[in-house]
Amino acid sequence: MATITSTSSRWDAFARQWRRGRSGYMFLIPWLIGFFALTLGPALASLYLAFTKYDILTPPVFTGLDNFRYMFLQDYRFRQALQVTFTYVLWSVPLKLGLALLIAIALDKGTRGVDLYRAIFYLPSLIGGSVAIAVLWRQLFDRDGLTDQLLQLLGWPPGTSILNNPDHALKTLIVLSVWQFGAPMVIFLAGLRQIPQDLHEAARMDGAKTMQRFFRITLPMLAPVIFFNLIMQTIDAFKAFTQAFVVSAGTGGPIDSTLFYTLYLYQEGFAFFRMGYASALAWFLLIIIAAFTALTFLSAKYWVHYDDTR
Amino acid sequence: MADLKLMSVRKSYGQVDVIHGVDLEVNHGEFVVFVGPSGCGKSTLLRMIAGLEDITGGDIIIDGTYMNDVDATDRGLAMVFQSYALYPHMTVRKNLSFGLEIAKVPRDEIERRVAEAARILKIEDYLDRHPAKLSGGQRQRVAIGRAIVREPKIFLFDEPLSNLDAELRVATRVEIAKLHERLGATMIYVTHDQVEAMTMADKIVVLRNGIVEQVGAPLDLYNHPANLFVAGFIGSPKMNLLDGHVADVRPGEVDVEIAGNIRVSVPVAHRLAKGDAVTLGIRPEHFLRAGADAANLKLTVDFVEGLGGETLVYGALPGASQPVIVKLDGQHRIENGTSLSLAMQPDQMHLFDSNGRALQRASATAAAA
Ligand SMILES: Nc1ncnc2c1ncn2[C@@H]1O[C@H](COP(=O)(O)OP(=O)(O)O)[C@@H](O)[C@H]1O
Ligand SMILES: [Mg+2]
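Chains as they are written, first to last, in UniProt numbering: chain L, 1 to 310; chain E, 1 to 369.
Don't take each hint at face value.
[To be verified] Okay, the calculated beta carbon distance ranges per label pair:
1. Leu298/L with Asp125/E: 29 to 35 angstroms
2. Pro224/L with Arg129/E: 50 to 56 angstroms
3. Arg129/E with Ser8/L: 55 to 61 angstroms
[To be verified] Straight-line alpha carbon distances no greater than 30 angstroms define the calculated DSBU-like cross-link-like pairs of lysine-lysine that follow:
4. Lys239/L with Lys301/L
5. Lys238/E with Lys94/E
6. Lys301/L with Lys327/E
7. Lys239/L with Lys171/L
8. Lys104/E with Lys301/L
9. Lys94/E with Lys153/E
10. Lys94/E with Lys109/L
11. Lys209/L with Lys298/E
12. Lys94/E with Lys209/L
13. Lys209/L with Lys5/E
14. Lys94/E with Lys133/E
15. Lys178/E with Lys153/E
16. Lys153/E with Lys301/L
17. Lys239/L with Lys53/L
18. Lys122/E with Lys94/E
19. Lys109/L with Lys104/E
20. Lys298/E with Lys238/E
21. Lys209/L with Lys104/E
22. Lys122/E with Lys5/E
23. Lys209/L with Lys133/E
Calculated from the structure, these hints are not laboratory results.
Just so you know, even glycine gets a beta-carbon here, dropped at the ideal spot from N, CA and C.
Whole structure, please, built from the sequences with the hints as guidance.
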């Protein structure tokens, strides 16, 4: 008798809880469907596909580690894609964070019209990642583009397109990415505002000049924010796709000089219909990103100090 | 150790004048306290001396050198902040040594000075902790330690005790006073607490609304407040101030009528005319309990606080609107609503003219003459 009462009351409690939260769960349903059907499901499926040969038209055939063996031992385009992506990450992330920090400091010092400048500086980040801007950049830097014509005015031979030059194409994309420093800048600005003014004053009384204060007070105090930005921007950079796709018209050219890892993955999957191999590439990228993030987290112990006095 | 001279120092924020022209001399090794109500400009004045705030007008001279355009980083002063402002990402040891490293003091010298300061302030056990792991009192000591190791020309303190609990505040007050004695350094200390000012200072500077109201030794301010503001600010409980007018004038003495019909004679050296409005001041501790015949005042008692060692009586004189506080030594049984007979000693009374300026006592002039 007692057991029945307790089960039924537990059921009642659950029902009450459900009724109370019902509308909330209803609102969650689209998101839950989206997550399971469109994100988790395909992700798990691709994990299986990574060990198969799959051309989309015929059912996947299990091939064990063949995809990875090919990837690491034979595929020179995979190596090229890795090199392009690492070059891109190692240049664009520090440059972007550096520029973001510089501008944030400049904005933090100024008093008048800061909000306006902040908005203006943020603008490239809003529109800079869009296809439209990549197309615009192509117009600017392509053969017969605006820069081309300007260079001709300065006496360069015609057709010196920057984007068509394998030596400069990646650099251009790095610059295009650095230009979108707005998001880390806004976060840096918030971080700078968090540093108590009297720490700077105490350091001044201790005789520390502007540069000494920057390196010994501002930077260390900003470490948690730098850490956050570094992780976010690194992940973003590894995933870079749109600009390379638009600027090279999906080829990764000239001569694979803008063959980003994601672009190569896309070609393998959707141009050559080697979906199994593309899945293997995708999972290897995930491992790279996870490893980078883990390394950053491990290093944090040595350079990130969280201020828990307040 | 250094001396300091302020000449007509002014500060404005835009249209708002915050400091109105301060002249001040601080001698080698002096302990000077800036005291005044909140917002009167104490911190601003201190920060101008530190170089953290630029000055709108006037001159600041330290050891004979004009400091107006010398940056805070080069003035060689040290400051203890109200918030302590310890570097949260550095250990206590690093907090102490930071300024010395910046100044490129040799390693072993840094270690010696840090060890010495840690010993004086009894913070040796926490040297390798971060500030977050310290109590308020310990942080306070580290902040003072950071000033000591620099061996600055002048120590500046901005309300360093206001974040401590009452007990710790008294203990630290005593320690800072001892520290001053031990180092013999020039110190400038800002507080809104007149008790801190009275107990620590060699010289008190009373500020109000950016104006120096009076400068002097603690007992000078207590015995001879220059005006109504200082009279009311220095001493606790506050001096009783009673409005009245001159009823009669005699050589070296005037009769003042207060509370409608009470006459007291006060020895003053100034010329006053019959009918002049004046304010009579007398400190709570300067009333005497008197027999009914000797009394010149009868206080209607509102309530009584027996503190054991002393007794505070709150009341009013019949016919006067201003309240009166009386402080009696020892313990007294006084019922609320009864009348208390009191006497005032003439040489303990203060008289202020209608502008609030103190009128010099006849006895004081006689002694000076
Ligand atoms: N940066 C500032 N801008 C405008 N007014 C200020 C500024 N700093 C202080 N003040 C004003 O100056 C006056 C004195 O301030 P402060 O020196 O901090 O007073 P205290 O330390 O005696 O409490 C106050 O009225 C305050 O509002
Ligand atoms: Mg203040």
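Going down the list of hints, with the structure as the test:
no.: 1; hint: Leu298/L with Asp125/E: 29 to 35 angstroms; in the structure: 31 angstroms, holds
no.: 2; hint: Pro224/L with Arg129/E: 50 to 56 angstroms; in the structure: 20 angstroms, violated
no.: 3; hint: Arg129/E with Ser8/L: 55 to 61 angstroms; in the structure: 56 angstroms, holds
no.: 4; hint: Lys239/L with Lys301/L; in the structure: 26 angstroms, holds
no.: 5; hint: Lys238/E with Lys94/E; in the structure: 45 angstroms, violated
no.: 6; hint: Lys301/L with Lys327/E; in the structure: 61 angstroms, violated
no.: 7; hint: Lys239/L with Lys171/L; in the structure: 17 angstroms, holds
no.: 8; hint: Lys104/E with Lys301/L; in the structure: 28 angstroms, holds
no.: 9; hint: Lys94/E with Lys153/E; in the structure: 22 angstroms, holds
no.: 10; hint: Lys94/E with Lys109/L; in the structure: 27 angstroms, holds
no.: 11; hint: Lys209/L with Lys298/E; in the structure: 66 angstroms, violated
no.: 12; hint: Lys94/E with Lys209/L; in the structure: 17 angstroms, holds
no.: 13; hint: Lys209/L with Lys5/E; in the structure: 26 angstroms, holds
no.: 14; hint: Lys94/E with Lys133/E; in the structure: 15 angstroms, holds
no.: 15; hint: Lys178/E with Lys153/E; in the structure: 18 angstroms, holds
no.: 16; hint: Lys153/E with Lys301/L; in the structure: 39 angstroms, violated
no.: 17; hint: Lys239/L with Lys53/L; in the structure: 24 angstroms, holds
no.: 18; hint: Lys122/E with Lys94/E; in the structure: 16 angstroms, holds
no.: 19; hint: Lys109/L with Lys104/E; in the structure: 29 angstroms, holds
no.: 20; hint: Lys298/E with Lys238/E; in the structure: 20 angstroms, holds
no.: 21; hint: Lys209/L with Lys104/E; in the structure: 13 angstroms, holds
no.: 22; hint: Lys122/E with Lys5/E; in the structure: 34 angstroms, violated
no.: 23; hint: Lys209/L with Lys133/E; in the structure: 28 angstroms, holds
This entry does not satisfy hints 2, 5, 6, 11, 16 and 22, going by the numbered hints stated previously.
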